[in-house]
Amino acid sequence: MGVDGRSGVLVAPLQKLMDWARGHSMWPMTFGTACCAIEMMTVGSARYDTDRLGIFFRNSPRQADCMIVSGTINLKMAPRMKLLYEQMSSPKYVIAMGSCAVGGGPFAAGYNVVNGVDMIIPVDIYLPGCPARPEALLHALITLYERNSAGEMSAAERYAIECAKAELAPAVSAAEASAE
Amino acid sequence: MTAPATIAPVFENLPGLVDVGVMGPGGMPLAHTTRDSFETVVEMLRERGFAHLEFLTAQERSGEEPGVEMLYGFTRRADLTRVVLAVPLAEDDLEIETLSWLWPGAAVLEREVFDLFGVAFEGHPALKRIVLRDDFEGHPLRKSFELVEGGVTAEQVAKALESHGVAPTSLGADGGRQAYFDPFEHLAGGDPALKSQRMVINIGPQHPSTHGVLHVYLAIDGEQVVGAEPTQGYLHRCIEKLCETRTYKAMPAMLDRCDYVSAFHAELAYSLAMEELLGIESTPRADYLRVLMGELVRITSHHTWFAAAGLDTGALTPFLFAFIDRELILDFFEEVTGGRMMFNYIRPGGVKEDMPEGAADKIRGFLDTFTHRMDECEALLTGNEIFRLRTRGIGFLDPAEVEPWCITGPVARASGIDIDLRRDEPYAAYDRMKINVPLAYSGDTYDRYTVRVAEMREAGRLALEALNALEGIEGPHINPDVPRVIKPEAGTAAYGRVESPRGELGVLVISDGTDKPWRLKVRSPAMSNLHCAPVILQNTKVGDVVAVLGSVDIVMGEIDR
Amino acid sequence: MRILQILFGIVVLIVIVLVNTIVVMWVERKELGHMQGRLGPMRTGWHGLMQPFADALKLLGKEDIIPAGADRTIFLIAPLIAFTPAILVYCATPWVEQIAGFSFDSGIFLVFAVAAVFPVGVLMAGWSSHNKYSLIGGFRSAAQQISYEVPMILAVMGVVMLAGSMRLGTIVESQAGLYNIIKQPFAAMLFFITLLSEINRTPFDLPEAESELVAGFNTEYSSMRFALFFVAEYANVFTMSLLATLLFLGGWNGPLLPGIVWLLLKTYAVVFLIIWVRATLPRVRVDQLMAFGWKGLLPAALVNVLITAVGVVTNTWVLVALEFIALSIFVWAVTRLGATAGDKRRADATARFAKSREGASA
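Residue numbers (the numbering used here), protein chains in the order written: chain R, 1 to 180; chain P, 181 to 741; chain L, 742 to 1103.
If we strip away everything but chain R, and leave its shape as in the complex, we get (with noise of 0.2 Å):
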């Protein structure tokens, strides 16, 4: 979805429609890695349901809409979950739920873990905690529709284009290229 779309006659109410769909249907990937996958498998559970919301966690990357890295990240991890960020379809959201997702954590002084995951991805939302309480995760969720239906851009539509003002041209995905 380009970043022009959002104006002109025809295309905004276009717009708006699929920005209703998108928040109404947000569905996670399941990227669990530590302490926050518990909690991220509780706010699925009967006293929060996401899916009251819509929000229904897919295993595949290809059908995920936002990756919600719940717990630390190491440099083991990384290429990983970099892969998974990449194998998800565009537009994609990032949740960094949790201090280690955010900024390293507890752990962050180690010699293993890598200091928020945005150094590897855009990330759009940062949800503190350790590790982050199911209700927070629930605020991030709804703030992550808040700002869809308010037209805001995703953090992986500003890094194109912080990419293109500096010249730095992110890889084209290969569906793209094909595309065009």
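Hint data in this document are derived by calculation from the structure and do not stem from the laboratory.
Errors might be hidden in some of the hints.
Label-pair restraints from in silico Cβ distances [as the list claims (entries may be wrong)]: (1) P:ASP314 to L:LEU821: 42 to 52 Å; (2) L:LEU821 to P:ALA433: 49 to 59 Å; (3) R:ALA166 to L:LEU745: 53 to 63 Å.
Even glycine gets a Cβ: it sits at the ideal position worked out from N, Cα and C.
Fit chains P and L to the given chain R structure using the hints.
Chains P and L only, in chain R's frame:
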């Protein structure tokens, strides 16, 4: 705890012992030996009944000579004697004979030591890094490896990404692919009669049912599993190294994050070790509070496993049912400790604070209905024909394999090995309680299931017993004698162990006289249990793999640390 | 005029199928939710009624990815091949008679012939995705559908023998007095089990076994191509429920209410049952699935044909009695199979392990 008087017969007539003593105020027998006589000593100890390899680790030598000291903890199950064998290695010759021919389970522990300390093991079947990246430089648990200010640098991350062919700036589809790695080249390929081919699939590190970030190389021929090799390290968070930079009082917060589904147990093991080291005791009230919280967290931990057991076999509803109950218990934790999962509650000398007003009644109210709630959960799986088809007679673990693979906990008990630290070596208030240890005798997936479910019910009963006992006990919740700054005597060490939901969880603390530990080692029960995968995955199908591995109950945080 | 009528019929049919598919999706999420102590979708329209629309729209707007190593042509057409039969099947339903004015005398034949195309699409998807999980999922699907089609058709044979026709309309009319589920409970049971397998539902959802194969055959599909699989799956749920209604539950027969209401009520009762099964049961393993299909269902279906033949030459009540006896035996056998699963291996192991424990303690 073994009294010093019993040390002599344990080490009697062993050749090549340099000196014999105790490790610390706890009185665990410790013997130093040399590399030359090491193998003979171990074999003789094993003949004397020390067949359980409790831990295998190393520490930096603190003396003038640089080098690494290997530490081996052995247990004799018959009379629960524990000994520690220390083998100093010189800096220029960091090599020692492997124990993997006596204990196949020692192989991964040795790989860990190789990875973190750089000690080479002669005769090891596959000595390569296990927790860190293959291209990692240095051995982090050596004192010469200093932590860099600010942690991991952007260059390191970029290098890691590039080594997998993932462009750091790309956002798009597909990216690079990992090189095809086949750890099963020694296996014959496929079935000649059917002309089938062997295929290697990577389950994990990110897979819906790897319970975190476990990675299993799986060689399959059609749907038949012909080889399995678990790898780990995707959640290595430098906990042991970071513990060396923190004061003793800050430690429980770090250890909480080891075993994040049953955080109380790591705290408790550490507190027991520290109490031994400092020669203080916890108060009677704290003892029962520890039991109460420990048993409640055992229930929640098993709830998580129960949920996963359902999901692994394809049933959705057990997850939802188990988590309804789990949430109720987490509410109590929140009320008592302030946290849902990370408690920082049990500390040397007692617990952080007493239960608030009214909490006991709420917990009692829940425990009274607990049996009924368990019945409801169990109704979904236990008698279900398909669940029985999926779990019965699959994933056998021979009790003869338990000791060689260093397996403990419910996995061992499902094979009929009657061990439970709560009953055998009671800690906290367990010596004042009657503990029934559920056992099963076929050692298959279903037995591991029934043992855990029985343990949940038993834990509910014990929690209720502890709650009742708490009513009659007044007094402080923490020993007032705990020093403000904890500085154990230099050169002393203690090993605290508890029965965690996954098995024997131990914390080895070695002091150098400062307010920070010289070495802190966590014995991970799940790690040993997990690496018996090649044994329990024999004669299984692809569909069984996740169900069988799930029955081991894996928590990657504790395995990788 | 005729062509116009047929075209109109096609459009109406597609709309009917899609609307019902959407309803089935909604029913599934709500029902699963309530059975699991949750609510299911609540915020998208009234009680989440708009949820499937939001999902479909969102999937439309997603990036369409074709994996680098994929076999492009096959990858692109696989979802279409899987989706088409889901709609094509409706040619044989009695609705067509009312809307488009033609009917097939061998309707059941057509239904099974067309439905058999679905696994081809799945297999193509699995093969072309360049993904091991997809491949395993695709092969599982092919093996499963072929194995379960045989007992399914045999179970329907009984119904055909009773009605004396393969036309679905005639079959429904023949049930005006007594529904086939009373006359043929055993066949109905067999049909329901095979139906679950044909549409890849729990406990036979092996081709997309989430805990084993990530998302199975459609792991690599994104965007609209994934939506086609998704819709096809739920359309199949509705189709098969409709078929079960027509074959066993008396179709539109029923007192007071108009026929179409009865038809939909019964169909959604079957849908409800299918989802109920999903909320309750774990998944079988692939070899158990095969063994159950070939060693259990196939002989049982043959027995059913035999019983029906006896019933046809004697009278209805003999048939009902025999069917109930067969059903009881079948249910008993399946229960027993579950209760004693692995008993022999476990007993062997226990004996062997007792020895090794003794050895260890000695």
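Given the hint of 49 to 59 Å, is the C-beta distance from L:LEU821 to P:ALA433 inside that range or not? holds (56 Å)
Is it true that R:ALA166 and L:LEU745 lie within 53 to 63 Å of each other by Cβ? holds (60 Å)
Should the hint that P:ASP314 and L:LEU821 are 42 to 52 Å apart at their CB atoms be regarded as holding? Between P:ASP314 and L:LEU821, where Cβ atoms are some 44 Å apart, the hint holds.
Checked against the numbered hints above, the structure violates none of them.
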